[in-house]
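Chains as they are written, first to last, in our numbering: chain L, 447 to 893; chain S, 126 to 570.
Worth flagging that the hints you see were computed from the coordinates, not collected in a lab.
Be aware that one or more of the hints could be misleading.
[To be verified] Reference listing, derived: stretches of chain S covered by chain L, where coverage requires no fewer than 3 residues with Cβ under 8 Å from a Cβ of chain L:
id, segment
1, 226 to 233
2, 334 to 348
[As the list claims (entries may be wrong)] Using 30 Å as the maximum straight-line C-alpha spacing, the simulated DSSO-like pairs for lysine-lysine come out as follows:
id, chain 1, residue 1, chain 2, residue 2
3, L, Lys-646, S, Lys-509
4, L, Lys-834, S, Lys-160
5, L, Lys-834, L, Lys-876
6, L, Lys-582, S, Lys-428
7, S, Lys-469, S, Lys-530
8, S, Lys-160, L, Lys-878
9, L, Lys-570, S, Lys-428
Ideal Cβ positions, reconstructed from N, Cα and C, are used throughout, including at glycine.
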Amino acid sequence: MLRSIVARIPSSATGGGPAALSLQNRVLGYTLRAVGGRAVRPQAHRAGPARVAHGRRSGSGSQSEPRSISAADCQNVIPDRKVLLRNPPAIPWQVGHFMKSQLLVVLVLFLAIGLTAAPQASRKPLTQDQIMELVKGSVPSSRVADLVRENGISFEPTEEYFRALRSAGAEPVLLDALGAARAAKSPEQDVAGQAKQHIKAANALMDTGDIDGAIVLYQKAIQVRPGDAEAHRLLGVALGKKKDWQRDITEQRMAIQLNPDDAAAKTELAVALHSAEAEQARRDEPHVASPVKAPAQDTSAQAQQVFAAGQLQVGQRKFEAAAISFSEAAQLRPDWADPLVERAKVYMKLYLFREAIHSYDQAVKLKPNDPVILNLRGYANYSASEFKRAVADFDEAIRLNPNMSEAYQNRGNAKWQMGDKAGANMDFEKAKLLGSGAQARKNTKRR
Amino acid sequence: MRLIAVRPILLVLLTTLSVTMLPGVEKGSSFEFTKVDLSLLEQADALDSRLEREGMVFHDEAMETYVNQAGRAMLPSGTAPERVMWRFRVIRDPMANAFALPNGSIYVTTGLVSLLENEDQLAGVLAHEMTHVTDRHSYLAFRDYRKKSTIASIAAYASSMAPVNTSWGAAIYMAGHMVPVVMMASINGYSRELERDADMYAFNKLAEGNYDPKELVNTFRLLERMDEVNVDKIYYNDHPKLDDRIGYMTGLISSKPPVSVSPEVLGSRRMKYLSLTEQVVREDIHLSILSHRPRTALARAKKLIEFDPNSAENLRVQADAYRSLGPWTPRPTDQELSKDGKQKEQSLRRKLTSDEEERQLLANGEGQAAWQENQRLAEETYQKALAIDPANAKTYLGLGQLYEKTNRNKEALEAYEKYLELAPNALDRQRVQGRIDILRRSTGL
Numbered sequence: 447m448l449r450s451i452v453a454r455i456p457s458s459a460t461g462g463g464p465a466a467l468s469l470q471n472r473v474l475g476y477t478l479r480a481v482g483g484r485a486v487r488p489q490a491h492r493a494g495p496a497r498v499a500h501g502r503r504s505g506s507g508s509q510s511e512p513r514s515i516s517a518a519d520c521q522n523v524i525p526d527r528k529v530l531l532r533n534p535p536a537i538p539w540q541v542g543h544f545m546k547s548q549l550l551v552v553l554v555l556f557l558a559i560g561l562t563a564a565p566q567a568s569r570k571p572l573t574q575d576q577i578m579e580l581v582k583g584s585v586p587s588s589r590v591a592d593l594v595r596e597n598g599i600s601f602e603p604t605e606e607y608f609r610a611l612r613s614a615g616a617e618p619v620l621l622d623a624l625g626a627a628r629a630a631k632s633p634e635q636d637v638a639g640q641a642k643q644h645i646k647a648a649n650a651l652m653d654t655g656d657i658d659g660a661i662v663l664y665q666k667a668i669q670v671r672p673g674d675a676e677a678h679r680l681l682g683v684a685l686g687k688k689k690d691w692q693r694d695i696t697e698q699r700m701a702i703q704l705n706p707d708d709a710a711a712k713t714e715l716a717v718a719l720h721s722a723e724a725e726q727a728r729r730d731e732p733h734v735a736s737p738v739k740a741p742a743q744d745t746s747a748q749a750q751q752v753f754a755a756g757q758l759q760v761g762q763r764k765f766e767a768a769a770i771s772f773s774e775a776a777q778l779r780p781d782w783a784d785p786l787v788e789r790a791k792v793y794m795k796l797y798l799f800r801e802a803i804h805s806y807d808q809a810v811k812l813k814p815n816d817p818v819i820l821n822l823r824g825y826a827n828y829s830a831s832e833f834k835r836a837v838a839d840f841d842e843a844i845r846l847n848p849n850m851s852e853a854y855q856n857r858g859n860a861k862w863q864m865g866d867k868a869g870a871n872m873d874f875e876k877a878k879l880l881g882s883g884a885q886a887r888k889n890t891k892r893r
Numbered sequence: 126m127r128l129i130a131v132r133p134i135l136l137v138l139l140t141t142l143s144v145t146m147l148p149g150v151e152k153g154s155s156f157e158f159t160k161v162d163l164s165l166l167e168q169a170d171a172l173d174s175r176l177e178r179e180g181m182v183f184h185d186e187a188m189e190t191y192v193n194q195a196g197r198a199m200l201p202s203g204t205a206p207e208r209v210m211w212r213f214r215v216i217r218d219p220m221a222n223a224f225a226l227p228n229g230s231i232y233v234t235t236g237l238v239s240l241l242e243n244e245d246q247l248a249g250v251l252a253h254e255m256t257h258v259t260d261r262h263s264y265l266a267f268r269d270y271r272k273k274s275t276i277a278s279i280a281a282y283a284s285s286m287a288p289v290n291t292s293w294g295a296a297i298y299m300a301g302h303m304v305p306v307v308m309m310a311s312i313n314g315y316s317r318e319l320e321r322d323a324d325m326y327a328f329n330k331l332a333e334g335n336y337d338p339k340e341l342v343n344t345f346r347l348l349e350r351m352d353e354v355n356v357d358k359i360y361y362n363d364h365p366k367l368d369d370r371i372g373y374m375t376g377l378i379s380s381k382p383p384v385s386v387s388p389e390v391l392g393s394r395r396m397k398y399l400s401l402t403e404q405v406v407r408e409d410i411h412l413s414i415l416s417h418r419p420r421t422a423l424a425r426a427k428k429l430i431e432f433d434p435n436s437a438e439n440l441r442v443q444a445d446a447y448r449s450l451g452p453w454t455p456r457p458t459d460q461e462l463s464k465d466g467k468q469k470e471q472s473l474r475r476k477l478t479s480d481e482e483e484r485q486l487l488a489n490g491e492g493q494a495a496w497q498e499n500q501r502l503a504e505e506t507y508q509k510a511l512a513i514d515p516a517n518a519k520t521y522l523g524l525g526q527l528y529e530k531t532n533r534n535k536e537a538l539e540a541y542e543k544y545l546e547l548a549p550n551a552l553d554r555q556r557v558q559g560r561i562d563i564l565r566r567s568t569g570l
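Just chain L, same shape as in the assembly (with noise of 0.2 Å):
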């Protein structure tokens, strides 16, 4: 429910649309959170969009220009500016003729210091469009890269533009003018801007709920920028996504080490403590494990909604979100197979077959007699080279469904794989047989 209050939230709030989408994200993860470690801090949520934004100032705050212009300023400073507009400060022009003379020598004077001055301001660093206007307007390569050179680049060049570049007729020339420019830049100024990149990548792919690709991404921003509280304390974040308490700790306590007033910080730190202290208790003492189970109804609705969106996310490619999905709709709904036959398939695609195999294991025992289950996780033990408890899940739902075409064909590849050329061959007969059968029926079905 949450959720639905979250994505009302106007992306305006937060003043943009990236921010809002983070916004989204960080509220959300308390949500998982909350449900995953059975650690709701009310507090939290209540505190969760102020604090976002707090934090994210404080992160952008250190590394760039102040952005906190109230309203109250602007309209301290509009009307001024408007009764300058409406009463300009006249020139006196009947002073008479020496003040005129004056001026002259003054109006000289600057031109002076300004044609002194002019060499300077030609210095002034190029930008992406100067470049592409000269190079567009057939300036030489070689003319264009020496002013590269001499006047430095105001920009970061992509490949992209680089792309454009080329395709705008430029010579290897100016490429690597633009390339040594960059690479000429204050090697502070870089890291700084290489870890916001890294970091900003990583925000976005959160966003998209590919997890372990952030985690990726933060771990890389703090390779290049170990400095950056930031970076430990987003970092901290995604591994409290994917439940490692631990880690989030290690890095929200290396966050406030950092910046000592990452108030953001300080409340992921309390968190994940929580978290963490939440999950001990619960192993310690596993005959507690549900006291949810209370108000079933609700919880069992709970479980469909979660598990809904974790189909959502398996659509849209966001597989570690939807494992963490289906694992709390399982936990919400112990006795339903389903969520854990869906995130042993997740796992799969993410190539983790141990923990697919054991995500089946535990639906095999909520459904002991179902051929289809039976058959994912010989397809599993399959992929983990696990031919012998593979044969078994086959031979086991072959017995419960004999006309199950695909696990004679699975059965046949395992047994294929361990040499036994006879019966997988004997297998794969089968499988076509049933398989043309089944084709067959379908077709006089649909005529």
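Here the structure of chain L is known, so what remains is to put chain S in place on it, guided by the hints.
Only chain S this time, still in chain L's reference frame:
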């Protein structure tokens, strides 16, 4: 050596001739295995273990996971086609290529990994290769080949091939000697129709999987880029074919516009891709240098630096690439790319070893100038790397080799000594110590 190298090229010609005229494609599900097919399957399994044993497979856990995730996300969850076991692997070879064996093993070369720019492109390549497996293209091509060939036993044929050359960057060459002729089709490409089928399938798979199918076209464009003058023709870098592919793919995109992925998300996926593949790219640059493709090495190094300009390791690798360029310019000159230039280069290659060719180029003014410039850039880049990480042993090794080649013996000596000081257990300690001894004698220290 050189003579043997001609043979795979002949084989390619043979196979492409035969494979282009395939009968109607039977679809995977109704495929009936014959004895001939099974022998091909056996060969594929043998090739798998051979590649593994020869150390051609690149083992890096992060990379392995990444390639597998990209591939498996597009696979059905409950079953594999008959006699298929999906495996996704990265193979050490600086030539950009990917191939699928009929048993379900899909290989992507380090060269392709380092050429591509994001996950969507990698997924596209994998989806394309998966089609060759599920639609049994290898078997179909092989059956067709057998109809026209007089070679009765492929096993006998395979064993009659020359001994394997195990030097790096020779996966294709190696495969050409290890597998029956027609497996070359798996590696060098099938007929236009089959490849087109695979492209269409890849397009759909990408769209289904929330990837951006437009990245397929970008992949083709990347493959079109020329870093080296002489590249063996395989399907992946065949220009007329690439133009054709870009053509029909763009047509497909405009007729069936996929849900577009926002540039921000694409950018992030690109960052993730570059971050995860950094190690592979470094390895690939090393392989490119070893297989005398210094221009490719430099192009890849530039990409690395673009992504992470403050990594001493990346700078070192770039410096290595500059050093290996010798008298060649960083990009092929127009003259080299002209038909005449290509022919000249080809005949030079046939006659001379790369060392001899280098010497010949150094004899003229242009070669000298390029050489000077490359050595200067190499030194500059090594110094940049040292400024960031003064304890990187390999940087000193590279510097030593650079100085030695430019006859700055005293500096070479110092660099080598520093290298051994920082890496006392280096595998090439003996060799470097030998260089040090010689340099000591010649400088009289």
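Now for the hints, and whether the structure bears them out:
Note: the segment 226 to 233 of chain S has 0 residues with beta-carbon separation from chain L under 8 Å; the three-residue rule is not met and the coverage is violated. As drawn, the segment 334 to 348 of chain S meets chain L at 3 residues by the rule of a beta-carbon pair under 8 Å; at three or more, the given contact holds. Our distance criterion of 30 Å between C-alpha atoms is met by Lys-646(L) and Lys-509(S), whose separation comes to about 27 Å. This hinted pair checks out: Lys-834(L) and Lys-160(S) have alpha carbons roughly 26 Å apart, not beyond 30 Å.
Distance restraint check for Lys-834(L) and Lys-876(L): the Cα-Cα separation of roughly 20 Å lies within the 30 Å cut-off, and the hinted pair is therefore satisfied. Proximity of Lys-582(L) to Lys-428(S) is assessed by CA-CA distance (about 25 Å); at most 30 Å being required, the pair is judged to hold. For the hint pairing Lys-469(S) with Lys-530(S), the CA-to-CA distance comes to about 27 Å; that is within 30 Å, so the pair holds. For the given pair, Lys-160(S) sits about 18 Å from Lys-878(L) by alpha-carbon distance, which is consistent with the 30 Å threshold.
Our distance criterion of 30 Å between C-alpha atoms is met by Lys-570(L) and Lys-428(S), whose separation comes to about 28 Å.
Of the numbered hints stated above, the single one contradicted by the structure is hint 1.
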